[in-house]
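Note that the protein sequences, when read in sequence, are chains Z and L.
Position 132 of the first sequence, counted from 1, bears residue number 132 in this note's numbering, the numbering being contiguous throughout.
Position 213 of the second sequence, counted from 1, bears residue number 213 in this note's numbering, the numbering being contiguous throughout.
Treat each hint with caution, since some may be false.
[Unchecked claim] When the alpha-carbon atoms are kept at most 27 Å apart in a straight line, the in silico DSSO-like pairs for lysine-lysine are as follows:
id, chain 1, residue 1, chain 2, residue 2
1, L, Lys201, L, Lys2
2, Z, Lys137, Z, Lys277
3, Z, Lys277, Z, Lys245
4, Z, Lys137, L, Lys229
5, L, Lys229, Z, Lys277
The hints are simulated quantities; they were obtained by calculation from the structure and are not laboratory data.
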Amino acid sequence: MSDVLVVADHRRGELRDVSYELLTAGRDLADAMGGDLHATVVGGDVAAFADKLDCEGVDAIHTVAEGEEFNHDVTVAAVTALFEALDPGAVVMPNSVNGLDYAPAVATRLSLPLVTDAVALDYDDGLTVTREMYGSKVETAVDVTSDPAALTIRGGEWPAAEGAGDAEVSAFEVDVDESAVRSTVRGFEEVGAGDVDISEAEFVVSVGRGIEEEENLELIEELAEALDATLAASRPIVDNGWLPKNRQVGQSGKVVTPEIYLAIGISGAVQHVAGMKGAETIIAVNTDPDAPIFDIADYGIVDDLFEVVPELIERFE
Amino acid sequence: MKVLVTVKEVAEVADDFEIEGLSIPETFLEYDLNEWDDYAVEAAVRIAEDRDDVEVVAVTIGPERSEETIRMALAKGADRAIRVWDDALAEADLLDPTTTARILAAVAEEEDPDLVLSGVQAADDAFGATGVALADLLDMGWAAVVNDLELAAGEASVRRELEGGVEELTTVSLPAVLTIQTGINEPRYASLRGIRQAQRKELTVRILADLDLDPSLVDDALTLAGMAKPESESDATIFEGGAEETATELETVLRDAGVGAE
Chain Z
1 MSDVLVVADH
11 RRGELRDVSY
21 ELLTAGRDLA
31 DAMGGDLHAT
41 VVGGDVAAFA
51 DKLDCEGVDA
61 IHTVAEGEEF
71 NHDVTVAAVT
81 ALFEALDPGA
91 VVMPNSVNGL
101 DYAPAVATRL
111 SLPLVTDAVA
121 LDYDDGLTVT
131 REMYGSKVET
141 AVDVTSDPAA
151 LTIRGGEWPA
161 AEGAGDAEVS
171 AFEVDVDESA
181 VRSTVRGFEE
191 VGAGDVDISE
201 AEFVVSVGRG
211 IEEEENLELI
221 EELAEALDAT
231 LAASRPIVDN
241 GWLPKNRQVG
251 QSGKVVTPEI
261 YLAIGISGAV
271 QHVAGMKGAE
281 TIIAVNTDPD
291 APIFDIADYG
301 IVDDLFEVVP
311 ELIERFE
Chain L
1 MKVLVTVKEV
11 AEVADDFEIE
21 GLSIPETFLE
31 YDLNEWDDYA
41 VEAAVRIAED
51 RDDVEVVAVT
61 IGPERSEETI
71 RMALAKGADR
81 AIRVWDDALA
91 EADLLDPTTT
101 ARILAAVAEE
111 EDPDLVLSGV
121 QAADDAFGAT
131 GVALADLLDM
141 GWAAVVNDLE
151 LAAGEASVRR
161 ELEGGVEELT
171 TVSLPAVLTI
181 QTGINEPRYA
191 SLRGIRQAQR
201 KELTVRILAD
211 LDLDPSLVDD
221 ALTLAGMAKP
231 ESESDATIFE
241 GGAEETATEL
251 ETVLRDAGVG
261 AE
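Looking at chain Z on its own, in the form it has when it is part of the complex (with noise of 0.2 Å):
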């Protein structure tokens, strides 16, 4: 009988999606070791965080009004403090550019198992974590010997919590060490701005690491014209420098709904599928069967892009 607790996800006054998706990641596991679902919020508006986070299933909510944004600090000082005194079996924090800004020093400072970005939780006699490696290319299990267990997991991979809930919410005082504040957030800015935004077109044609060379663009600036398409990338090509980031599609990018998606020589990273799942119709082109970017495709072409795109462009001019 263990109790698990749940860390949520805010950003700029709003929970994140994978706040929910953690709730029923962390309810189905409390199932399984037969004991509550306890959340937490740290920072913030905690009374409209956790009025949110009372979904069916939730037993307990704990409060702590630190600081209005994110601060790693005053974070694992919190969740820290709160496992110490719920002693639970499991704390599942999300895998966010912030989760992995606290949940590894989360379980250096208790001394706990870490397991991060799991897509799938099985609690039996012992703790299972289904995690994925080599890019996507290969799913492992992963035991955990040891309890309690620290634990963090991908975004969308869980359904939300839905439904009210009646979980009793209360404050959690925590004394933070005001000299081990040693960071300070100065403010956020949106980048990518600029003469296109992408997230707004009806058809957009992207490319991918299979383009090989900066030179070989032009071809896919030619495709992009002829079909009268808005050029996209995915994350290689903006870090090469060779498009502006406000053409990146993906999680840390641009999230695009349009009605047609060609993504050209683009493997499907889980972090580009986030920023482009949405779109109605999906055409991949790429040289590997494999590509994951073929799971969520409606078409397909297993070939060379520099042999495909060039026939396309015939065909549109």
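Here the structure of chain Z is known, so what remains is to put chain L in place on it, guided by the hints.
Leaving out everything else, chain L in the frame of chain Z:
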């Protein structure tokens, strides 16, 4: 000033790989410097180039084969390197990222750096947790997923790349560990001169006992219990044939959707 940069040799799997039991046979694996660490090395070398008296030390945990990778960091400008390996590590199937961090922390405690740069994650096991765990073990400040970095007296001003095109501007006091995101710079290629010089740079090999670590440390709570190719969920219509045929089929789909209509 001393900058410690953590690097890892990672395996990339070939397109048509197979799994045998709990591992992938060597024939399907190709080893290289972890992409994120390449950016971290570049960031460290640039700090050294911009200032006087900066020493860049690269540290890795890996078998003898990985010396090729850490020599690459030396060829790109790191001053010396430390490779940690042990029979116990050779036998471990999967390390908890906090275990990896404990080993690196033992090296960092000896080196006493002002700044530690780590890649955000390793391309193979993708835990994305070692850098922050290391910072906490060393009682240092940290920032995760950094895509811009400026150093001033006693602090680092960084941008953290959050989701959805938002960046967080944060100041972290030094000493600190920063986890470096791809795209922060343009990693250089090692020059021939650099590669030659790297052969003469100091590369120290340490076993766990040298670092006052008990080899039983690697028997952590994580055990690899299964490995499989993810089931394909594809229900895509795949066009077959040569480029001419597939392009024609795709043309039909696009024209049906209204593309090319005047």
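Results of checking the hints against the structure:
no. : hint                   : in the structure
1   : Lys201/L with Lys2/L   : holds (17 Å)
2   : Lys137/Z with Lys277/Z : holds (19 Å)
3   : Lys277/Z with Lys245/Z : holds (19 Å)
4   : Lys137/Z with Lys229/L : holds (6 Å)
5   : Lys229/L with Lys277/Z : holds (21 Å)
Checked against the numbered hints given earlier, the structure satisfies every one of them.
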